[in-house]
Amino acid sequence: MSDAALIYVRHRDKEESYLQHGHTLWSWLATTDHKRIGILYALSITFFFFIGGMAAGIVRIELMFPHGEFLSDDAYNRMFTLHGIIMVWFFLVPSIPTTLGNFMMPMMIGARDVAFPRLNLMSWYIFVIGACFAIFSIVAGGVDTGWTFYTPLSTMFSNGAVISAAAGVFIVGFSSIATGVNFITTVHMLRAPGMAWFRLPLFVWAIYATSLVMVLATPVLAMSLLLVMAERWLGMPIFNPANGGDPILFQHLFWFYSHPAVYIMVLPAMGVVSEVFACFARRRVFGYAMMVYAMMAIAVIGFFVWGHHMFVAGESQYANLIFSFLSFIVAVPSAIKVFNWTATLYRGQITFEAPLIYALGFLGLFTTGGLTGLFLASVPIDVHVTDTYFVVAHFHYIMVGGSVSAFFAGLHFWWPKITGRLYSEAWARFAAIVMFLGFNTTFMPQFIMGYGGMPRRYHVYPPEFQVWHVMSSVGGIVLFVAYTLPLIYLTWSLFYGKKAGANPWGATGLEWQTASPPPKDNFEALPRVKAAPYAYHPDREAPDPDKREPETMQGEMP
Amino acid sequence: MSDASPLLREPWPSLERQKVAVSFGMWVFIASEVLFFGGLFLAYTVYRHLDAEAFKAAARETEVFYGATNTAVLLTSSLTMAMAVKASEEGLRRMTLWCLGTTAALGLAFLVIKGFEYHSDLEKGLWPGPDFPLHPAATQLFWAFYWIATGIHAVHLTVGIGIVTVIAVQLKRGTLPVEATRFEGVALYWHLVDTIWIFLLPMLYLVGRA
Amino acid sequence: MSSETHSTFKLWRKPSLIWLGLLLLLAISVGSAYIPLGPGNGAINYGVAVTKAALVLVFFMHLDRSRALIRLAALAGLFWLGFMFALSLSDYLTRDWNGSATTLAPAKKDLATHERGDFPKDRLPLAPQFGSRD
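Here the protein sequences line up with chains L, E and S, keeping their order. Numbering-wise (our numbering), the first sequence opens with residue 1 and increments by one. Numbering-wise (our numbering), the second sequence opens with residue 1 and increments by one. Numbering-wise (our numbering), the third sequence opens with residue 1 and increments by one.
Please note that the accuracy of each hint is not assured.
Heads up, simulated EDC-like pairs for lysine to aspartate or glutamate below, C-alpha to C-alpha not over 20 Å straight-line [as the list claims (entries may be wrong)]: (1) K114/E with E63/E; (2) K14/S with E184/E; (3) K14/S with D96/S; (4) K10/S with E90/E; (5) K14/S with D131/E.
Calculated directly from the structure, the hints in this document are not laboratory data.
Produce the complete structure using the sequences and hints provided.
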């Protein structure tokens with residue numbers, strides 16, 4: 001043996017899971033266990049999901065009436081800004097990567113933890129500190145600039161708590177970057193023996209691609225907000241036109257991050273649904289290699305399209321042309337993935353557990369949202385529908401219909417692994433269907449009124465739009481029910497749910513080959529990987545209808 | 001029984017892996033820093049393009065003496081930092097300590113010199129605002145950039161000085177062994193701070209001199 | 001003891017040579033800044049900066065002896081910076097082609113008294129909802 005090489009083979013009491021390893025509050029707040037950190041994040045983002053959701057609820061109630069019944073203009077501005085900032089940075093961007101990614105990814109590659117466990121904990125604390133700034137800005141009256149902080153409103157004219165809100169976002173950005181660094185290093189350096197790159201589950205590839213985007217894009221957001229804070233607080237004229245400053249420069253810097261940010265929000269969702277489709281259709285993912293290339297292509301090309309948010313902002317026509325073309329290109333890998341998911345389901349032995357219902361929801365809603373993105377990528381159409389509800393519907397279809405559905409799919413899929421309990425399948429299926437119906441009721445009318453000219457960020461509107469707004473708000477109530485139901489039955493399952501075995505779904509990943517909930521070090525002994533993922537049936541053959549077990553498990557446990 | 005086990009941290013299966021990972025992780029972080037400052041450099045480039053004359057007029061007011069001296073100071077600190085890593089790899093504890101201490105001291109010297117320079121700039125009234133002494137108004141853009149860029153750089157440098165001091169103290173006390181993997185990581189960060197300054201020099205001090 | 005001082009000297013040799021090179025480049029860039037070379041000044045200054053950075057990256061940051069993965073990570077940041085610059089400049093460098101609308105004033109005037117809308121008024125018709133241009 002050349003130098004230090006510790007092989008972790010520990011004799012461990014089989015009963016003790018990561019949940020039992022320390023019962024004090026301190027054992028949770030000072031943990032370096034990626035699984036516990038995942039749970040800390042899950043609690044944080046759930047809290048913010050409901051805050052952002054409340055803001056949305058208030059917005060939707062206000063919008064039921066065309067004359068601005070309850071809120072002043074300024075209060076309305078602050079409400080939709082609150083909704084946007086909280087939902088984007090304090091819920092969606094962290095959601096899947098820091099919860100499911102933190103918990104599952106190390107197990108899926110056969111590692112005992114992430115590369116830098118203490119940095120992982122620090123990421124969470126940085127998130128909490130940023131969250132404190134955000135909460136302070138809410139308590140101080142909020143911000144009226146929109147989540148996009150456009151200058152010169154944010155730097156020179158806004159009367160809101162811009163600096164503390166921007167500071168909050170600035171700080172959570174570093175949480176993102178730290179998590180990204182951690183995950184990238186983990187995937188490169190801690191894969192178990194035999195876990196080659198092209199044997200990685202697609203969820204791991206998704207987290208890896210997302211982490212690349214987080215590391216490369218978030219710093220530019222940090223700089224753009226820093227410049228806003230410097231201008232507002234110190235009077236540094238960066239974007240002030242009277243000094244020759246260009247407000248569009250802010251938009252370039254902001255969207256350089258914020259477009260890739262939407263891929264941060266959607267790539268992990270794509271990873272989750274790949275896992276769920278494979279498991280519940282009992283099929284290998286169709287075109288695994290193309291799925292990998294597509295995700296990497298989305299991550300990379302996603303950096304080249306940000307100018308499509310600025311088509312009418314004053315950007316040069318030639319830049320418009322380039323960004324429009326690139327925006328069409330970036331749709332191609334996403335479409336490849338949609339075809340491959342569909343082909344994965346084809347000739348599968350599908351059973352409609354809740355994760356699959358959520359994943360099917362993702363498939364349809366993501367496709368709808370993505371196709372409407374193509375309309376927006378076309379400059380002539382965008383000139384007509386930009387800053388209308390068409391755009392609002394487009395991104396909600398992808399982020400809520402897509403990412404949130406996928407988040408729920410993953411949450412249900414891995415719930416038995418994380419908690420060791422089975423949730424109520426009947427309630428979960430019901431909630432999934434209610435979510436799908438509520439979602440479409442909320443957001444489909446928004447496409448219609450957006451195309452008709454209803455501007456976004458307005459609470460006073462022509463009365464002919466009211467019928468659509470009312471439909472949308474009613475849908476919002478249904479969505480609220482759909483989101484609250486899991487809170488109830490999942491919490492119930494923690495105390496009264498049936499105990500889950502190691503592999504209740506009969507899935508093939510490494511995470512299913514250890515106990516539910518897992519021991520603190522994830523595996524009794526590190527697995528050796530001997531197969532490609534998704535071995536639900538022999539390669540290049542349709543599954544045998546008489547057999548529902550996987551062909552082989554992915555790892556060999558010594 | 002390996003004697004490298006105090007250096008080995010969870011969840012690493014081998015020390016060699018851990019070493020590479022620390023280096024790799026720091027480089028990935030450096031990539032993010034490149035984009036952080038890159039955003040600022042883009043702003044500079046855009047405004048330089050849009051308003052070249054104003055930029056040149058504004059940049060003439062920076063003090064080359066301070067800028068060049070500080071560059072020399074920081075380049076020297078990179079030398080001592082690189083030597084600290086080399087010494088630690090050779091197991092030379094005293095040399096490592098000396099090099100770390102000198103690096104931190106040079107970093108502090110940079111900040112002191114910067115302090116004098118800031119004082120001089122403020123005496124000339126070069127803080128953007130209504131009483132700004134230069135014309136046209138776009139010269140304030142350059143000076144806004146100057147204060148922000150040097151300020152953020154100084155923050156990074158201060159963090160670096162802090163970290164270098166902490167690991168030097170840990171090494172002195174014996175709580176950190178001389179072959180620890182973190183010296184390389186800290187050195188990479190320090191060299192990054194130096195490299196940023198290498199680019200700030202021509203951007204801030206060498207424009208419009210001729 | 002002499003072997004120890006000799007090996008210490010050997011340890012310092014290469015890094016010190018790099019350091020001297022860096023200082024020399026510093027002198028070149030500062031010195032040449034005072035010689036009127038037009039665009040050549042910028043070329044030299046940034047060329048020197050890139051060279052200095054390359055020396056620091058390769059020798060002090062050990063890219064010369066790092067594995068391919070580390071070099072890839074080192075390059076990634078630069079690449080992405082390149083994308084950001086290229087696509088952003090695709091806007092700024094083409095703004096005054098064909099009378100594209102821009103909110104910016106040209107560099108020549110004193111901006112404190114500048115008025116908006118300096119682009120040719122007869123070129124691009126405004127949609128009616130934006131009102132008339134006068």
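Next on the checklist: Let me make sure I understand: some of the numbered hints might not hold for this structure. Which ones are they, in numerical order?
Outcome noted: Going through the list in order, the structure violates hints 3 and 5 and respects the others.
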